[in-house]
Amino acid sequence: MRPSAIQLLNILVPVKRSVDFAVKIRVNPQQTGIDTNVKHSMNPFDEIAVEEAVRLREKLKADVKLIKAITIGPPKASDTLRTALAMGADSAIHVEVPESSASPEPLAVAKTLRAVIDKHNASAKEAGDKFDLIILGKQAIDDDLGVTGQMLAGLLGWSQATFASKVEVDVGKNEAVVTREIDGGAEEVRCRLPLVVTTDLRLNEPRYASLPNIMKAKKKPIEKLSPADLGLDYTPQLETLKVSEPPKRVGGGKVASVDELLAKLKEAGIEAA
Amino acid sequence: PHALVFLEHRAGVIDSGSLSALTAAEQLGGQVSALVVGGSEHVQGVVDEVKKLKGVTSVLHSTSQQYTEPLPETLSPLLEKLLSDSPFTHVVSATSSTAKSLLPRVSARLDAPTVSDVTSLEHDAASGSTTFTRPIYAGNAIATVRAPAGIPIKFFTVRGTAFAPAVSQDSTADDKAVDPVEVADPVTQHLKTTIAKSDRPDLGVASRVVSGGRALKNAETFEKTLYPLADALGAAVGASRAAVDAGYADNSLQVGQTGKVVAPELYMAIGISGAIQHLAGMKDSKLIVAINKDADAPIFQVADVGLVADLFDAVPELTEKLKK
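As you go down the protein sequences, you meet chains A and B in turn. Numbering follows this note's numbering, with no gaps: position 241 of the first sequence is 241. Numbering follows this note's numbering, with no gaps: position 28 of the second sequence is 28.
For reference, chain B alone in the conformation it holds in the complex (with noise of 0.2 Å):
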């Protein structure tokens, strides 16, 4: 096998579920290459880096303007040229709004699937199909699917959490320049990026997250009661779907389903009832602590520690505690 693993970077720091991304590739048992798009400013910084890390067998890398913000309607013409007439045998990405975004694109215009959120895979070279499994029903079951040989490029997303990520070392990877393929009069266009800004740990990689519910009464509170425990721990902060959709918290923080899917040391879920769709995105996390004054909030059958309190005593007395 040949994987194509479309790498990103914020300009021009490199993606932790891309590194995921990587290792998944890894296990297919065959060679590895990593894609690099991007502007000029960050282009050669990242390839730099991608070269060094384990498991990359070559980088390919294409630089046009057109490529500063990673517009699906932009980049899959480029993939489609990649990937015509090409060696790989698998297209992988992580399972990131950017990624989700382009892969199925790009594999529907070559007839085939995008196998999404993929969270473990075997490769069988004798017979070129790839096994994989992936949670649905917002995890409540594993499915264990096969793309058989007969899908000549098989393309797939990785559950970052499931995937330890690709680590540097010594060696380094040949590189290769790619041409751009640039599309005239683009249909999309790119107006602007808002990046929720943050001194804490990024969500998504954090070993430690603080997480808040609707109980937090409102943003004012959320901030005032979570924060200071999130701080003393220096942990991520996270929310409920209630709680993002009543204002509380900005929309890239929401743990569950539908958004960040995290598996930390310790998820700590304060005044989080535990709705499936939200046990879905932390039931892997190694220590589940939950504080809530409901008793029968099913967050608890999940939780390993499980308090029973109003939590805006609860929480300040507990962070006041440990910063002893």
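Bound conformation, chain A alone (with noise of 0.2 Å):
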């Protein structure tokens, strides 16, 4: 028997279907946004997110209780989701958005996750069923903003580790060690929970799902929910006025030889310092 259940783990993943990484986007004739039908997928530092919530069941046991995932999307972002699952999540809520509407802002993402959070920690019986661990991606590759997580644990007042690289979770002393990767090197910081964290590159490699855990992943359950069951309305603060294509650089000259680039590097007014 645990001396308390206050000393339990549950931990929420929030992500996010994108535009695959290795897709070259291109910007739509309209110039209102890029060529979405292309190939979609989890993004790649939310898939961060969800291995490293895995990894420290497969290290805590069962300390840790709950492993949930979350996104807001369209219908087709539940295929996301059964990613999440098949890679070890328990269960999942889907916040749906219809198919034709833009992602919702960044603050609008953490009012959402706000919102369940709460509800959650709400109906919480015990202390030891509450959320106490978010886990997201530092940034999501399509509007590269990465400020979800920050504002998140601004919205709760919780505290947060950015850019992490190495997570630490200490559930008897309700504390987080965190190395943070920062400008020039990397930071340490200790958290009490509850805590954001969010993930950097380097913070582990994420799995690939196993036929059977993906099999596995088909029955486990998904929540449907709506913006308005939350109370919320996504309609954006910002107005996004044009997208266009960046100039396009010229490049392609090649040289023959090591004195050719010499020579390319002097005209350029490059020398040896």
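If you're looking for bench data, these hints aren't it; they were derived computationally from the structure. Be a bit skeptical, because a hint or two may be false.
[Claimed, not checked] Keeping only pairs whose Cα atoms sit at most 30 Å apart, straight-line, the calculated DSSO-like set for lysine-lysine is:
1) B/Lys224 / A/Lys254
2) B/Lys217 / A/Lys166
3) A/Lys264 / B/Lys224
4) B/Lys293 / A/Lys264
5) A/Lys254 / B/Lys217
6) A/Lys266 / B/Lys293
7) A/Lys266 / B/Lys323
8) A/Lys264 / B/Lys286
9) A/Lys242 / B/Lys286
10) A/Lys24 / B/Lys217
11) B/Lys224 / A/Lys266
12) B/Lys192 / A/Lys173
13) B/Lys324 / A/Lys266
14) A/Lys59 / B/Lys321
15) B/Lys321 / A/Lys266
16) A/Lys264 / B/Lys324
17) B/Lys224 / B/Lys293
18) A/Lys166 / B/Lys197
19) B/Lys321 / A/Lys254
20) B/Lys286 / A/Lys248
21) B/Lys293 / A/Lys248
22) A/Lys76 / A/Lys219
23) A/Lys24 / B/Lys293
24) B/Lys286 / A/Lys266
25) A/Lys24 / B/Lys286
26) A/Lys264 / B/Lys321
27) A/Lys254 / B/Lys324
28) B/Lys217 / A/Lys264
29) B/Lys286 / A/Lys254
30) B/Lys323 / A/Lys264
31) A/Lys254 / B/Lys323
32) B/Lys293 / A/Lys254
33) A/Lys166 / B/Lys192
34) A/Lys61 / A/Lys219
Make the complex out of the two chains shown on their own, each in a separate frame, by following the hints.
Below, the structure is given as structure tokens:
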């Protein structure tokens, strides 16, 4: 018997369906966005987040009571949730928006997550059922904003550890020691739970889900919600006026030898320091 | 407009990205107040320097042992207090790891968005709206977004390479001390910071960068092959994600979508294939030189000067001939 039910970890992992990282995107002719009729996958940083939650369970065993994935997106985003479930999440929430609508702004996403967390924690029968760790990607590779985790931590008034490259949770002490990638090096912080962690590239290498786990994931529950169920409205605060192609860089120049390369450098006024 | 610029320093040395943020703030066309925070040993020195910077109309400073390490959880209450009932219309910072952690936390608490990594801006004083451009999809598209007047305080972080750093001048701005907002029993505690030491120029501001990829084979050959070339050119050293992941170079040297964005006079990509995520971090460089064995590597599509060769032959030869 464990001494106190308080010392259990419930992890929420928000994931986003985004254009696959290998796709070369194209701006649409109307200049309102990009051609989205391309391969989509889970945002790579969110995959790292799911992996980290699963690894925490592998390490802390029964101390991790729940791993729940959540996404906000069109009907197809349920594929992203199935991926998270196949990797090892127990259950999922899909806040569904119409296929045609733009993805909600980070602040709206953070408010959605807060609403879900508040609702879950208010209905928790005991302290050991409450969400106390949120792990999500440091940025989505589509809008490259990188703000959602910090916004969520701010709204909740929780501690935050952004750009994590190592996470060590001490459930008994109710805290985590996180190594963060910062400009010029690394930083170590000790955070009291509840905590929001955003993942950096080198936190872990996400696994591929095995076929049996993919089959099992099909039976795991996905709860569907609408923004209205949570009392939210996704009207954006910012107006996107235009999406355009960046100026094209004309490269392709080649030289045949180191001497020719040196001549080109000299031509550009570059010499040894 | 009246901008509040979160001005960063590391142990008293002003961060170059913050100087670019000042320039961006000045382009809004109104007053610019810089906010300097820190422990008692550094704040005064930084304030004296910031007062002389072009575009700065006033300097606010707040000193506390709690601000020695800039933790979002302890700094957020100070910013929230400064911004409530304030004249400020914009909050501006570099796109640095510290400011990226802090600004969105504060903006969410004030129910406002944070626009990240801005490359140009225009403020319309008549309507009170600000229009920004910023790269999306690893720089493969540029979004133009407008923050309307309905957002009373507009938060944004600035891409350093897109704005010239503010320079010192003769005039001096006023300064004013602001009481710190001490946080009782902070939820987060700083344990340690490890800065990767280097005698070479800082990657973020260097005018020349020599970057290596996975083709460098291992940490030892990375060092042995690239460092002499970097030293001959007086260049900073960078790396592709693949090279960092493989442990050839420190993570602080990563150039790309999720690492550093650089735009030096000269960028040399050595043994880097040129994934779009890497190109996102360097394609605004003036002159791009690529050396790669694979003639079809995508890096050659953006390189001004490409050399198809074995880097282990070409780089030492280049280094020797450069030194002559």
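Hints versus structure:
1. B/Lys224 / A/Lys254: Roughly 26 Å between the alpha carbons, so the hint for lysine 224 of chain B and lysine 254 of chain A holds.
2. B/Lys217 / A/Lys166: holds (25 Å)
3. A/Lys264 / B/Lys224: Holds, at roughly 25 Å.
4. B/Lys293 / A/Lys264: The hint holds at about 19 Å.
5. A/Lys254 / B/Lys217: Judged against 30 Å, a Cα distance of about 24 Å means the pair holds.
6. A/Lys266 / B/Lys293: holds (23 Å)
7. A/Lys266 / B/Lys323: Between lysine 266 of chain A and lysine 323 of chain B the Cα gap is close to 13 Å, so the pair holds against 30 Å.
8. A/Lys264 / B/Lys286: holds (13 Å)
9. A/Lys242 / B/Lys286: holds (26 Å)
10. A/Lys24 / B/Lys217: The hint holds at about 28 Å.
11. B/Lys224 / A/Lys266: Judged against 30 Å, a Cα distance of about 24 Å means the pair holds.
12. B/Lys192 / A/Lys173: holds (20 Å)
13. B/Lys324 / A/Lys266: holds (13 Å)
14. A/Lys59 / B/Lys321: violated (54 Å)
15. B/Lys321 / A/Lys266: Holds - the C-alpha atoms of lysine 266 of chain A and lysine 321 of chain B are around 12 Å apart, at most 30 Å.
16. A/Lys264 / B/Lys324: Holds. Lysine 264 of chain A to lysine 324 of chain B sits at ~16 Å (cutoff 30 Å).
17. B/Lys224 / B/Lys293: This hinted pair holds, its Cα atoms lying about 19 Å apart.
18. A/Lys166 / B/Lys197: The given pair, whose Cα atoms are some 21 Å apart, holds under the 30 Å limit.
19. B/Lys321 / A/Lys254: holds (19 Å)
20. B/Lys286 / A/Lys248: holds (13 Å)
21. B/Lys293 / A/Lys248: holds (25 Å)
22. A/Lys76 / A/Lys219: holds (17 Å)
23. A/Lys24 / B/Lys293: holds (23 Å)
24. B/Lys286 / A/Lys266: It holds: about 14 Å lies between the C-alpha atoms, which stays within 30 Å.
25. A/Lys24 / B/Lys286: Distance of about 23 Å is within 30 Å: holds.
26. A/Lys264 / B/Lys321: Holds, at about 13 Å.
27. A/Lys254 / B/Lys324: Roughly 24 Å between the alpha carbons, so the hint for lysine 254 of chain A and lysine 324 of chain B holds.
28. B/Lys217 / A/Lys264: holds (27 Å)
29. B/Lys286 / A/Lys254: Given pair lysine 286 of chain B, lysine 254 of chain A holds - Cα atoms ~16 Å apart, limit 30 Å.
30. B/Lys323 / A/Lys264: Roughly 16 Å separates the two Cα atoms, so the pair holds.
31. A/Lys254 / B/Lys323: holds (23 Å)
32. B/Lys293 / A/Lys254: Holds, because 13 Å separates the two Cα atoms, which is no more than 30 Å.
33. A/Lys166 / B/Lys192: Measuring from Cα to Cα gives roughly 14 Å; hence the hint holds.
34. A/Lys61 / A/Lys219: holds (22 Å)
Comparing the model with each numbered hint stated earlier shows that hint 14 is the single one that does not hold.
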